[in-house]
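Protein chains: 2
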Amino acid sequence: MNEVIGYIVKNHDRYLEELESFLRIPSISTDPEHKADMVKAAEFVVEQLRAAGIQDCEIVPTEGHPIVYGERVDSPDKPTVLVYGHYDVQPVDPLDLWTTPPFEPTVRNGKLFARGASDDKGQLLTHIKSAEAFNKTRGSLPVNLKFVLEGEEEIGSAHLEGFLRENVERLAADTVVISDTALFAEGVPSICYGLRGLAYLQIDVTGPKADLHSGSFGGPVANPAFVLAEILASMKDSNGRITIPHFYDDVVELTVEERKAWAGLPFDRDAYMAELGVDDLNGEAGFTPLEQVWARPTLEVNGLVSGFTGKGAKTVLPSKAMAKVSMRLVPNQDPDKIAKLFEEYVRSVAPKSVHVQVQDLHGGQAWVADLSHPALVTAAEAIEKGFGKRPVFQREGGSIPIVATFTELLKAPTVLLGFGLPDENAHAPNENFDLGNFYRGIQSSAYFFELFGEAGKRAS
Amino acid sequence: MNEVIGYIVKNHDRYLEELESFLRIPSISTDPEHKADMVKAAEFVVEQLRAAGIQDCEIVPTEGHPIVYGERVDSPDKPTVLVYGHYDVQPVDPLDLWTTPPFEPTVRNGKLFARGASDDKGQLLTHIKSAEAFNKTRGSLPVNLKFVLEGEEEIGSAHLEGFLRENVERLAADTVVISDTALFAEGVPSICYGLRGLAYLQIDVTGPKADLHSGSFGGPVANPAFVLAEILASMKDSNGRITIPHFYDDVVELTVEERKAWAGLPFDRDAYMAELGVDDLNGEAGFTPLEQVWARPTLEVNGLVSGFTGKGAKTVLPSKAMAKVSMRLVPNQDPDKIAKLFEEYVRSVAPKSVHVQVQDLHGGQAWVADLSHPALVTAAEAIEKGFGKRPVFQREGGSIPIVATFTELLKAPTVLLGFGLPDENAHAPNENFDLGNFYRGIQSSAYFFELFGEAGKRAS
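Chains as they are written, first to last, in our numbering: chain L, 668 to 1127; chain B, 668 to 1127.
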């Protein structure tokens, strides 16, 4: 492995430059104005794959953004690793909170700032770059490699599942590797074995057919902004428990062992609060912050708008009010069922004086992995070699809905090798990626391919 | 009076054209970009006054928008009428809900559509045009006339009070006339003898120092949008009563006589709901809609914004949430005291996990008139002649904070001669002014000047 690792170290600067080129493409999947950038990003990924020796590449058109597929299958005797990642990024507003522009990558203090730096362009590139290192040094790869890189992860992966279902044989693999999560903390590498699911909805409340003068009509006429506030506020009780009937029915409770293991992780409550700039933590009573984020369902208001929001005072009784609300789900909650319960609840509490519309914008299943599977055992070894430290086993509060789909379709275990950090502002202004973790991630990927290749040989 | 009324009738079309020219000036006082338009509107008003024989005019600069002052004092023997109005208008958003552009006046079905048509450009012009009719036919006016026309009514009249205080002697008058309210209903002319006051505040809730990923942080970290919804929702109980401690302490309750008189007014609940496009009315339990609007304090959310409000789904835990909230006040509530109670309440219920900022944006006193005063008796006669119908006595839910100031400084009774209609969308898209009421308003103004002139002579 020395020559492979040596190649990686020697090429750090070029790897960084290539990541910066990737980050300069504003591939915001939710914004139709960036449709051409999505194609540009897909083409960039194909170039990178080809340069890494993954010659068999294809840009697969969908009704949304294209899927990049690439493979190098040298021998039926080698085990096969499928790498999944996404080349699309989140929107960038509010733009004025970025220190440097989101699509002009800038290195400060060993961190690369740009939208998509860690979520997920930087992380997906680690596997392409480790493949390149094998190819350029040995002329071969220790495993068969397949890449599925989509452009719709941030908007619900609408067309990925169809692609996977139509290509189950072609995609056959012994394990799926995804790098789209974070280390437990700086210097504490980890393997993520659980993700929360998601149900994301929009509530539109309409009162009077037009905006009214709040003096002439304030009183008898229901105010949609106030009604919306009432509906939202009623969704949690004073213990932070969600009040939607039957919401908790299918929740798998934490085991005593998990709670004990997590209590032993180096979580610094004061540092956590200081980093976020808050003076107190809330959440569901009876659970620690890690338990709340990793294994308890939550409800968040993601956006709110109604009436006059400019400078000064406009005495309007608004006609409409809108909220975007998402719920993070845990194993066994079904996103469709939760979305239905949510809509029924909103309709049951809305007064007759307003009309409500509830739209289900997207959803995804939660997931937990079997820690005893060889792919996870090998991954832990690879991380230990790449980072020089044994990883901890953690879960993640975010959602990668496609993990559940991979598990169902490919019957192969998914390994979440996260190289990000928890404070890298994924989905927020000043997103960044620690360059040390970028390089250690490439090495960990290389060790994983090597060790999984050997494990596969032993098994055959 | 025949020649005066004849002149008004003959000049209807030109009066309309001049009103349209006035409405083409986008004099939005709250928007700094329209500063030049404010000056243009003030200059337009001066031209109109001069053309009406009010030669002694002045544009008085203030630190905000200028005040237009004009007077014609022919004889110390004549009683003096001071007309107050405002040439500024409300903002126009949401622009897409206007059928025709807000500053391109358009007549449809006898109604003139434009921002400011009834609030207050069309209404203030009635008095200038009736003065013109006297001047052009008789060469004199039956009363001494003074005009105070400001450009900051829609943003709290910050500089008017100073002007009034500095010019108390110059402004001395036997009555103040304001046309900035509405008839009780189409075909039911009225005199308004009460107005609600106002306390308008803004709440800013800040949670984490930056927007966060709602998956990775949702749970322990307080969501400012949710906290804001909770704070707002807690401000009213299930009876629609405001829960802020001591909020109702100074409220003057309605008399049995007033409740009886108002119950006799032709209020059609179903037509009211149909016109607004709502299926039910709410408001404070135990009060009719007229009572709620005219004589009970209310609390409205005028605007709300937080997080992601674009199309699609962005899984953000927002850093900030903002609400604009106003309370309509009734006689004897003090806006400063209410603003203080509001701020104390917000601070008392906000959790330690967020920071709240409360700004007092503006306020005004409520007001009620003495119905037995000669100015009000004369006004009722003038309306009867101008509209061919005896007016009813009503109150108004809106605020004209300056009325309380006039009462205090000039010791003269204020007469609210409203020529608008309740459904003319003041402060909303598609604001309009009924042209029949515009013309009848000009005639009523002329009769008021004539009758008040005679009443003054009789009194002297």
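Don't take each hint at face value.
Which copy is meant is left open, because identical chains are indistinguishable; a pair holds if it fits in one copy or across any two.
Derived lysine-lysine pairs resembling DSS-like cross-links, with alpha carbons at most 25 angstroms apart [as the list claims (entries may be wrong)]:
hint, residue 1, residue 2
1, 1019, 903
2, 803, 1056
3, 1052, 803
4, 803, 778
5, 978, 677
6, 707, 927
7, 702, 876
8, 702, 978
Please keep in mind that the hints were generated in silico from the structure rather than gathered at the bench.
Taking the hints in turn, this is what the structure says about them:
1. 1019 <-> 903: Both, since 22 angstroms and 18 angstroms are each at most 25 angstroms.
2. 803 <-> 1056: Neither: 28 angstroms inside a chain and 97 angstroms across chains, both beyond 25 angstroms.
3. 1052 <-> 803: Answer is within; shortest intra-copy Cα gap is 21 angstroms, inter-copy 99 angstroms.
4. 803 <-> 778: Result: close neither inside a copy nor across copies, 27 angstroms intra and 79 angstroms inter.
5. 978 <-> 677: Classified as neither: same-chain Cα gap 54 angstroms, cross-chain 44 angstroms, threshold 25 angstroms.
6. 707 <-> 927: Result: close neither inside a copy nor across copies, 47 angstroms intra and 73 angstroms inter.
7. 702 <-> 876: neither (35 angstroms within a copy, 32 angstroms between copies)
8. 702 <-> 978: between (34 angstroms within a copy, 15 angstroms between copies)
Of the numbered hints stated above, those contradicted by the structure are hints 2, 4, 5, 6, 7, listed in ascending order.
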